[in-house]
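Trainee: Sequence:
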Amino acid sequence: MPKELTKTNEEAIIQQVFDKLAVAWNAGDAEAFGQCLTDDCDYVTFAGQHIKGQQENVKIHNELFHSWALRGSTMHTGSSAPTIAFLSDTVALMHSTGTIKLRFQKKPPLDRLSIQTTVLIKENGTWKIRAFHNCRIQKPGLFQRIMMALSKK
1 MPKELTKTNE
11 EAIIQQVFDK
21 LAVAWNAGDA
31 EAFGQCLTDD
41 CDYVTFAGQH
51 IKGQQENVKI
61 HNELFHSWAL
71 RGSTMHTGSS
81 APTIAFLSDT
91 VALMHSTGTI
101 KLRFQKKPPL
111 DRLSIQTTVL
121 IKENGTWKIR
131 AFHNCRIQKP
141 GLFQRIMMAL
151 SKK
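The numbers in the numbering used here rise by one with no breaks, and the one at position 1 of the sequence shown is 1.
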């Protein structure tokens, strides 16, 4: 089988992991969410909270899914397609964008996109998330714009 065809198949399988993650989020199912993660996963939220391990992720996401703020929320992908780079046959790096639509919002808030950097590993033939870092996409702040303007002079 050509290497490119194998890569395309693996990319589709990896995308299925994220499809399962979204289905779990949308159902408020922390156990199913956790099944997409390795036992020793690292998960960094857009606020910088570092959640270590699958069980801690399940616990915290269960609390989130039942909280006033995120109860009934749904996960939505950004407009740009995810990119996947294979670092080896069993390690992949994925970049993607997305947002969370809260239950009282009519449409996903595209002005609140986050970018995710995800490391996936393949264990026993199954791809799982080993590390996930979620970061809110923001325009440069005032200080950064000033510094960029000064550097052009």
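A hint or two may mislead.
Stated by the list, open to error - 16 Å max Cα-Cα, derived EDC-like pairs, lysine to aspartate or glutamate:
1) Lys107 / Asp89
2) Lys101 / Asp111
3) Lys128 / Asp111
4) Lys139 / Asp111
5) Lys122 / Glu31
6) Lys122 / Glu11
7) Lys128 / Glu31
8) Lys128 / Glu63
9) Lys59 / Asp39
10) Lys59 / Asp89
11) Lys122 / Asp89
12) Lys101 / Asp89
13) Lys106 / Asp19
14) Lys7 / Asp111
15) Lys128 / Asp19
16) Lys153 / Asp40
17) Lys20 / Glu31
18) Lys139 / Asp89
19) Lys152 / Asp19
20) Lys52 / Asp42
21) Lys122 / Asp40
22) Lys59 / Glu31
23) Lys122 / Asp29
24) Lys128 / Glu11
25) Lys59 / Asp29
Please keep in mind that the hints were generated in silico from the structure rather than gathered at the bench.
Trainee: All hints are to be evaluated individually against the structure, with a verdict given for each.
Mentor: Evaluated hints:
1. Lys107 / Asp89: 38 Å, violated
2. Lys101 / Asp111: 11 Å, holds
3. Lys128 / Asp111: Cα-Cα ~29 Å, so violated.
4. Lys139 / Asp111: 10 Å, holds
5. Lys122 / Glu31: Not satisfied, since the Cα-Cα distance of roughly 20 Å exceeds 16 Å.
6. Lys122 / Glu11: 12 Å, holds
7. Lys128 / Glu31: The hint holds at about 14 Å.
8. Lys128 / Glu63: Measuring from Cα to Cα gives roughly 22 Å; hence the hint is violated.
9. Lys59 / Asp39: Roughly 13 Å separates the two Cα atoms, so the pair holds.
10. Lys59 / Asp89: 31 Å, violated
11. Lys122 / Asp89: 8 Å, holds
12. Lys101 / Asp89: 35 Å, violated
13. Lys106 / Asp19: Measuring from Cα to Cα gives roughly 22 Å; hence the hint is violated.
14. Lys7 / Asp111: Not OK: lysine 7 and aspartate 111 at ~33 Å, beyond 16 Å, violated.
15. Lys128 / Asp19: Status holds; Cα separation ~12 Å.
16. Lys153 / Asp40: 48 Å, violated
17. Lys20 / Glu31: Roughly 12 Å between the alpha carbons, so the hint for lysine 20 and glutamate 31 holds.
18. Lys139 / Asp89: Judged against 16 Å, a Cα distance of about 36 Å means the pair is violated.
19. Lys152 / Asp19: 43 Å, violated
20. Lys52 / Asp42: 5 Å, holds
21. Lys122 / Asp40: 14 Å, holds
22. Lys59 / Glu31: The given pair, whose Cα atoms are some 9 Å apart, holds under the 16 Å limit.
23. Lys122 / Asp29: Not satisfied, since the Cα-Cα distance of roughly 23 Å exceeds 16 Å.
24. Lys128 / Glu11: 13 Å, holds
25. Lys59 / Asp29: Holds: lysine 59 and aspartate 29 sit about 11 Å apart, inside 16 Å.
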